[in-house]
Each structure stands twice: as C-alpha cells, then as structure tokens.
Amino acid sequence: MTVPTRTLLRVFWRSLFLQAAWNRRGMQNLGFAYAIDPALAALYPEPERRREALARHLGFFNCHPYTAAAILGGTIYHEERVARGEEPAGNPVLYKSTLQGPLAAIGDGFFWTALRPFFGALAALGALAVGWPAVVITLAIYNLVHLALRYGLFRDGYRKGDGIVADVARLALPVFADRLRVAGAFVCGLTAALLLWRGALQAGFLSGAVALAAAAFGYLALLGGARLLPAAYVIVVAGVGAALFAARWHGSS
Amino acid sequence: MIPLVRIDNRLLHGQILETWAPRLGVREVVVADDAAASSPLAKAAMTLALPPDLPARVVRVDEVDWAGLAARKEPVLVLLREVASFARAIAGGLTPALARRVNLGNVHYAQGRRPVTPSVFLSKEELDVVVAAAADGFEVEARAVPSDDPAGPAALLARYNAAAGG
Chain S
-18 MTVPTRTLLR VFWRSLFLQA AWNRRGMQNL GFAYAIDPAL AALYPEPERR
32 REALARHLGF FNCHPYTAAA ILGGTIYHEE RVARGEEPAG NPVLYKSTLQ
82 GPLAAIGDGF FWTALRPFFG ALAALGALAV GWPAVVITLA IYNLVHLALR
132 YGLFRDGYRK GDGIVADVAR LALPVFADRL RVAGAFVCGL TAALLLWRGA
182 LQAGFLSGAV ALAAAAFGYL ALLGGARLLP AAYVIVVAGV GAALFAARWH
232 GSS
Chain A
1303 MIPLVRIDNR LLHGQILETW APRLGVREVV VADDAAASSP LAKAAMTLAL
1353 PPDLPARVVR VDEVDWAGLA ARKEPVLVLL REVASFARAI AGGLTPALAR
1403 RVNLGNVHYA QGRRPVTPSV FLSKEELDVV VAAAADGFEV EARAVPSDDP
1453 AGPAALLARY NAAAGG
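Protein chains in written order, with the working numbering: chain S, -18 to 234; chain A, 1303 to 1468.
These are computed hints drawn from the structure, not numbers from a lab. A hint or two may mislead.
Said to hold, decoys possible - For lysine to any residue, the following SDA-like pairs were computed, each having C-alpha atoms within a straight-line distance of at most 25 Å:
hint	chain 1	residue 1	chain 2	residue 2
1	A	K1345	S	A153
2	A	K1345	S	R136
3	A	K1345	S	A147
4	S	K141	A	A1339
5	A	K1345	S	V74
6	S	K141	A	S1340
7	A	K1345	S	D137
8	A	K1345	S	L152
9	S	K141	A	L1343
10	A	K1345	S	S78
11	A	K1345	S	V156
12	A	K1345	S	R140
13	S	K141	A	A1346
14	A	K1345	S	G40
15	S	K141	A	S1341
16	S	K141	A	P1342
17	A	K1345	S	G133
18	S	K141	A	A1337
19	A	K1345	S	L130
20	A	K1345	S	G144
21	A	K1345	S	R62
22	A	K1345	S	L75
23	A	K1345	S	A150
24	A	K1345	S	D143
25	A	K1345	S	G71
26	A	K1345	S	D159
27	A	K1426	S	R6
28	A	K1345	S	N72
29	A	K1345	S	W93
30	A	K1345	S	F41
What the hints assert, rightly or not - Residues of chain S clear of chain A, computed beta-carbon distances all greater than 12 Å:
hint	residue
31	P19
32	R62
33	A121
34	A129
35	Y132
36	A164
37	L171
38	A196
39	A197
40	Y200
Cβ coordinates follow ideal geometry from the N, Cα and C atoms, glycine included.
Work out the full structure: start from the sequences and follow the hints.
So this is what it looks like as structure tokens:
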C-alpha cells in the first residue's frame, strides 16, 4: 500500500496552510491533520480505519512551518507501514512528537534568524540602490529557496522516514545559518553606510546622526542577546520611526 | 551551576536554543527524559539542532547528578519533559540549593489540564507539585521565552481556579 504521487503533491500543497487553524490546545494539529488527510484516504479505504488514523493526528503538534514538511513526509512513510501491518499504529505519532522539537529548533535557527533576515537586508539594500523591483526579486528568490527546501524535506522524509535526521544533519543548516547571519550583518552595514551617505548628501548632518543612532541601537540590542524576532521588529520599527520623525522635523524647519 | 531547570513537553527546540541558552550563557544542555534517552532517533535529532559550540547530553531522569552539575563552573541548563519528572528529580536529590530557578515553558493541553499561561496547561496534581516546590524554596515561574512576563505560583493557582475544567 503506497500513496500515489498526485496525492503526495496534494498533501504538500495543503502543508502550506499548516498554521491556518493554529490554536492554543493543539497548535498546528488541525493544519497537520488537514494536510495528511488525502494520504490517509488513499491508505485506508475503510471509513473506520481512516477515521481512526485521522483522529491520531489531531493530537498536539507544533514545529517550524517549513521543517514540519520533513515530519509530514516521514509520517506518511510510517502510515504506509501501519497500513501494511508492518508497524504498530503508535509509530507515526511517536515519530511526530520526537522530531517536532529538534526540527523546530533547526527551522527557527536557519529560516527565521538567518535566511529571512539576510534576504530582508538584501531587499533593503536593493531598494536603496535600484528601487522597488529589487524587493520583488528578493522576495521571489527567498520563496524559491524556501519552497525548494521545503519540498525537498517533504520528499526526503517520505522516502526515508527516520533517515531524514541523517540527511538534515548533512545539510549542516546551523553552519550555513551562522554564515548567513554574518553575511546579513555585512549587508546591513552596507545599507547603513548607503543611508548615511545618501542622507548626508540630501538632508545634511541630522539624518546621518539619526542613522548612526539607529545602527548603534541595533548593535546594543544584539549585544544584549536579542536574537528573537520581536526584538528585530522593534529595532526596525524604531529605526523607521526615527527616520520619519527626522525627515518631518527637517522638512518643517 | 544550574541557572535554570526548564520543564518543556517539546524538550529541546527553538525557544531554548534561540532565547534561553544565550540569555543564561549556557555552556551545556542536559536533557533528562527516560523516553528520549532510550530513543536513538530522539538523540540524533537533538544533536542535529544544536549549534556547534553547545554540547548536549540526553540521560534518564534518575541519572542526573544534580550536585555534580551544580558544582560545575559553567552554566548547565537542565530540561525535563513533564512536571512529574520534576517531582522525580526532587525525590532523586534536586534541592533549591542546587538549582533554585525552575521554569514551566510548554506543557501541552491534555484531559484534566487547565490553561494557566498561553503555553502551559496544568492538572491539579501538577499544580500541587509546583506549589509545594515553591514552598520548599524553589523559584518556580511559567513563561515560554525570557521576554514574556513570568507567572509565579500564586498567579498560576489563581488562574487554575479561574479557568474552566478541561
């Protein structure tokens, strides 16, 4: 008993909506059950068994939305074996609960705190250098990378089950994350320099001072250990706010 | 030293590696969980999530040498999966003198548990363990990440009583 390729593609498509029904009790449980349902329908033609299978995927689940694709693929790998009677019915759920934490950590570390900030910085630099098309292109590249990785993880999880862990280890995402963070910081530095230079040319000393202060604020926040998203948003909002305020103040004086 | 004992159903994940570990300056993570210690898949998965400079050990709850970890110079973060594991750790030699701060990070909903913070659901028995530990000198608080407001035992008790049974 195997899941047809068409159905696998449908499951992958549905996995893009993993967080659409996020809730406090089960977090991504409804999204996961919705995504895997076509595969379960293919594996369990009898309504009773399908209902039973769907019910076990309504338990708590929470992971990084991208790396969760690996778990979804691997869970189908185990469900196929359950359907063939080669594994106990508890295996898919055990697989999910074992991998959700570690894969969430990898996803947070690589996508949220490295890849996305890097492309965000690149978009900011591009917007300053060549204008808005740079932002569209950066978004397109980011999503190409993210969807390719996401689909690769899903396919690999489906093919290898537990073997996905060794494959993810070979990807060495934490190492790339470190490099991307350094590269992102470098691009941010370039952007700041460009802002300073342009601002000083157009609006004089004050805008330069504001940009410097915003950069110093960001650096201090980093020193304070702020690595999670809210801090990054606060810094961006503070920087934009300061720049707008300075522009207004400058314009009215 | 043990700057924090964290209770988290998901054990090692992003909130811990991205916020608590850097905030506490942690040099090693000890995951104390019987199920994870007996699962090669769990061990392999946890090591792949770690940054290169942060080692982790996965051991059974009874194997944790609390006094030994507390005597270390570098900060060691200890992770437990359930409040019940915390109770077992206390029975096995954990005292407030060895590790004063205990954090309830993520305890998922289950039958009989009521919400006390956005990420923590507790049963009456679990709440009793928490309150008793606080009375014995542990500083117990519930929050997912350091930037959240911590909820102490009194707040947890009040919220448990205010919440509808589940």
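Tested hints:
no.	hint	verdict
1	A:K1345 / S:A153	holds (17 Å)
2	A:K1345 / S:R136	holds (23 Å)
3	A:K1345 / S:A147	holds (12 Å)
4	S:K141 / A:A1339	holds (23 Å)
5	A:K1345 / S:V74	holds (17 Å)
6	S:K141 / A:S1340	holds (21 Å)
7	A:K1345 / S:D137	holds (20 Å)
8	A:K1345 / S:L152	holds (18 Å)
9	S:K141 / A:L1343	holds (13 Å)
10	A:K1345 / S:S78	holds (13 Å)
11	A:K1345 / S:V156	holds (20 Å)
12	A:K1345 / S:R140	holds (21 Å)
13	S:K141 / A:A1346	holds (15 Å)
14	A:K1345 / S:G40	holds (23 Å)
15	S:K141 / A:S1341	holds (17 Å)
16	S:K141 / A:P1342	holds (16 Å)
17	A:K1345 / S:G133	holds (23 Å)
18	S:K141 / A:A1337	holds (22 Å)
19	A:K1345 / S:L130	holds (24 Å)
20	A:K1345 / S:G144	holds (13 Å)
21	A:K1345 / S:R62	holds (23 Å)
22	A:K1345 / S:L75	holds (14 Å)
23	A:K1345 / S:A150	holds (12 Å)
24	A:K1345 / S:D143	holds (12 Å)
25	A:K1345 / S:G71	holds (19 Å)
26	A:K1345 / S:D159	holds (23 Å)
27	A:K1426 / S:R6	holds (18 Å)
28	A:K1345 / S:N72	holds (17 Å)
29	A:K1345 / S:W93	holds (24 Å)
30	A:K1345 / S:F41	holds (21 Å)
31	P19	holds (26 Å)
32	R62	holds (15 Å)
33	A121	holds (26 Å)
34	A129	holds (20 Å)
35	Y132	holds (20 Å)
36	A164	holds (17 Å)
37	L171	holds (25 Å)
38	A196	holds (21 Å)
39	A197	holds (21 Å)
40	Y200	holds (16 Å)
When each numbered hint is compared with the structure, no violation occurs for any of them.
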